[in-house]
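Participant: Following the hints, put chain Z in place on chain V, whose structure we already have.
Number of protein chains: 2
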Amino acid sequence: MKLNKIMDQKNADAILITNMLNVRYFSGFTGTTGVVLATGEKRYFITDFRYTEQADAQVVPNGFEVVREDRQPLERVAELLKENSVKRLAIEDTSVSLSQFRSFEKNFEGIDFVDLGDIFLRERMIKTPEEIEIIREAARITDEAFAAIKPLIKEGAVEKDLSTELEYQMKKRGADGPSFDIIVASNYRSAMPHGVASEKKLESEGFVKFDFGCFYKGYASDMTRTIYLGSNPTEKHLEVYNTVREAQELAVKSVKAGVTTRELDRIAREYIEGKGYGEYFAHGLGHGIGLQIHEYPGVSFKAEEIVLEENMVITIEPGIYLEGFGGVRIEDDIVVKRDGYEILNGTTKDLVKL
Amino acid sequence: MKLNKIMDQKNADAILITNMLNVRYFSGFTGTTGVVLATGEKRYFITDFRYTEQADAQVVPNGFEVVREDRQPLERVAELLKENSVKRLAIEDTSVSLSQFRSFEKNFEGIDFVDLGDIFLRERMIKTPEEIEIIREAARITDEAFAAIKPLIKEGAVEKDLSTELEYQMKKRGADGPSFDIIVASNYRSAMPHGVASEKKLESEGFVKFDFGCFYKGYASDMTRTIYLGSNPTEKHLEVYNTVREAQELAVKSVKAGVTTRELDRIAREYIEGKGYGEYFAHGLGHGIGLQIHEYPGVSFKAEEIVLEENMVITIEPGIYLEGFGGVRIEDDIVVKRDGYEILNGTTKDLVKL
Numbered sequence: 000m001k002l003n004k005i006m007d008q009k010n011a012d013a014i015l016i017t018n019m020l021n022v023r024y025f026s027g028f029t030g031t032t033g034v035v036l037a038t039g040e041k042r043y044f045i046t047d048f049r050y051t052e053q054a055d056a057q058v059v060p061n062g063f064e065v066v067r068e069d070r071q072p073l074e075r076v077a078e079l080l081k082e083n084s085v086k087r088l089a090i091e092d093t094s095v096s097l098s099q100f101r102s103f104e105k106n107f108e109g110i111d112f113v114d115l116g117d118i119f120l121r122e123r124m125i126k127t128p129e130e131i132e133i134i135r136e137a138a139r140i141t142d143e144a145f146a147a148i149k150p151l152i153k154e155g156a157v158e159k160d161l162s163t164e165l166e167y168q169m170k171k172r173g174a175d176g177p178s179f180d181i182i183v184a185s186n187y188r189s190a191m192p193h194g195v196a197s198e199k200k201l202e203s204e205g206f207v208k209f210d211f212g213c214f215y216k217g218y219a220s221d222m223t224r225t226i227y228l229g230s231n232p233t234e235k236h237l238e239v240y241n242t243v244r245e246a247q248e249l250a251v252k253s254v255k256a257g258v259t260t261r262e263l264d265r266i267a268r269e270y271i272e273g274k275g276y277g278e279y280f281a282h283g284l285g286h287g288i289g290l291q292i293h294e295y296p297g298v299s300f301k302a303e304e305i306v307l308e309e310n311m312v313i314t315i316e317p318g319i320y321l322e323g324f325g326g327v328r329i330e331d332d333i334v335v336k337r338d339g340y341e342i343l344n345g346t347t348k349d350l351v352k353l
Numbered sequence: 000m001k002l003n004k005i006m007d008q009k010n011a012d013a014i015l016i017t018n019m020l021n022v023r024y025f026s027g028f029t030g031t032t033g034v035v036l037a038t039g040e041k042r043y044f045i046t047d048f049r050y051t052e053q054a055d056a057q058v059v060p061n062g063f064e065v066v067r068e069d070r071q072p073l074e075r076v077a078e079l080l081k082e083n084s085v086k087r088l089a090i091e092d093t094s095v096s097l098s099q100f101r102s103f104e105k106n107f108e109g110i111d112f113v114d115l116g117d118i119f120l121r122e123r124m125i126k127t128p129e130e131i132e133i134i135r136e137a138a139r140i141t142d143e144a145f146a147a148i149k150p151l152i153k154e155g156a157v158e159k160d161l162s163t164e165l166e167y168q169m170k171k172r173g174a175d176g177p178s179f180d181i182i183v184a185s186n187y188r189s190a191m192p193h194g195v196a197s198e199k200k201l202e203s204e205g206f207v208k209f210d211f212g213c214f215y216k217g218y219a220s221d222m223t224r225t226i227y228l229g230s231n232p233t234e235k236h237l238e239v240y241n242t243v244r245e246a247q248e249l250a251v252k253s254v255k256a257g258v259t260t261r262e263l264d265r266i267a268r269e270y271i272e273g274k275g276y277g278e279y280f281a282h283g284l285g286h287g288i289g290l291q292i293h294e295y296p297g298v299s300f301k302a303e304e305i306v307l308e309e310n311m312v313i314t315i316e317p318g319i320y321l322e323g324f325g326g327v328r329i330e331d332d333i334v335v336k337r338d339g340y341e342i343l344n345g346t347t348k349d350l351v352k353l
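Chains V and Z, in that order, are what the protein sequence lines are.
The opening residue of the first sequence carries number 0 in numbering that gives the first Met the number 0; numbering runs sequentially from there.
The opening residue of the second sequence carries number 0 in numbering that gives the first Met the number 0; numbering runs sequentially from there.
Just chain V, same shape as in the assembly:
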């Protein structure tokens, strides 16, 4: 139904889907080779002999017809376009390569092409209950992995070793893998917003920032926690930490359908500005998560303003980064509800001293 709505919007007779994330989203197919062709009436899934069995199991229940083509999938698509008298075909211009497009032009004679732009990203913003359940599980795995490596967080530990252990603990709990390069950033490195784990060793006193997540059944989780290693945080450490935490919770508590992404960003940002740290929070407040680690909506003063809708899943992750001193970021995955929010992460946001 979604695809027919999009055909109407784009005034197209059919949609060709070749990006595997979108193939998965619309057909349910989780393998690596296959193409979706949707017309007003029909849903075709074209794949080769290696995947027909998997396709029968995954896409037929979603109303797709499996078309086996071992040699020339594009020629087969061309035949289907003819059979269905397709004149205007919508394509994924943001992922189709120029050379792929040239082979479309060569194979699909007499067809006019229409760009889909970011319309699939907009569709994917609002999750189904099944998608939310998977993301909830991905967040749970993330929480558990963090708890499992706590005993290893101590002076002398190498950042990279901690990231290796986090990844291992996530995989042991069923994750497909990390959802991005894991950030473990200690002391001065914690002031880098994206300090991917390095060979640096943890010192006796200071912040250690962990930003990580996993893919589980294709969906991403994303959590940040900053701990204090040692027993003597300065007043400034506490002030910075508490400011970020307050800002994060203020923003989380403001989440509900009808609020806009920029309003959320502003709530956290104004709080941090009020404490005098505004210039040290240079990035956006968060982003959507789903089949990709960064999806729509961007929750940022820099991104398009989008009105939150029920069942969007976003991150809320303000931070303060003081060069030479250290930095703090706290991040949760949040489901937008009609009248509020659900936090998917269970890990404490109290300042943990280890």
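Because the hints were derived from the structure by calculation, they are not lab data.
Honestly, I wouldn't trust all of these hints.
Stated by the list, open to error - Using 30 Å as the maximum straight-line C-alpha spacing, the simulated DSSO-like pairs for lysine-lysine come out as follows: (1) V/K171 with V/K255; (2) Z/K105 with V/K9; (3) V/K171 with Z/K171; (4) V/K216 with Z/K153.
Just so you know, these numbers come straight off a predicted model, no measurement behind them.
Facilitator: Using the frame of chain V, we list chain Z on its own:
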């Protein structure tokens, strides 16, 4: 120099490189954001404030000028094109998306575009000594990880758990991560050429096939070993194993500069056919490895015939797959030498019974 040669071949005044693997290959930059513009005289590396420090360290020694542009990299490229009177610009049509291309057309007025096709893949076929040294290390990590998990390979072990342990052991030894989804396929599943590790448990008797590798400093390794779990392999198990092993070693011993990819494939295939298993070896013999897990040359009866040159790095991986019974594949990474070959893997190819 390579880039100037390509400009000549393509009759272009300049080359724009946006695919990050090729950016890395030609400039040395290992970060995530940056664009290379090469003209006959100049090498520009355009990036934003986050990466200028890294770029200074990585690309300047390779003769590149770092151009910082925080907002509109394409507008900056357009200026550079004008300054250098570029008329014909070569682009990576196989990785540039249609929408990227449209923004090139919009930003780069009066420029004619030339497709690079697969020319970078052809350049990347022949490795430098430095690249080979990195791949050698990646192969060593792969060997060591396999040795480390040997004690876990026993009846009742879950395939997925073994793949998790392999990945963990590779990361602990400095790998960036696995170079593809790890295959652990036991008993009937070993007859699937690409049986990614599943929830299946290892049985008391039968083949277990491991196909895995890592990325290390950006470069891939790729090794397959098949072991026999249990103590009572049948005659058929031994015959299948020995046939694959003989075929693999025959092909490896034939590797040297001047031999073609199809000749190698034929040597292994004819041996297997002679033993009556020809129809059960349906895939190609191997492929190049490098910044990607599958690079040129394809070493296969199906792929373009390419004459091997010194310092190509290829895999040799014949297999026999008998549905319902099991399958065997043995794979090494091989450096092509002027008069022979170097095997990068040290793991035994004797039939290991565990």
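Participant: Next, verify each hint and record whether it holds.
Facilitator: Hint-by-hint comparison with the structure:
{"no.": "1", "hint": "V/K171 with V/K255", "in the structure": "violated, 34 Å"}
{"no.": "2", "hint": "Z/K105 with V/K9", "in the structure": "holds, 22 Å"}
{"no.": "3", "hint": "V/K171 with Z/K171", "in the structure": "holds, 16 Å"}
{"no.": "4", "hint": "V/K216 with Z/K153", "in the structure": "holds, 27 Å"}
Of the numbered hints given earlier, the model fails hint 1 alone.
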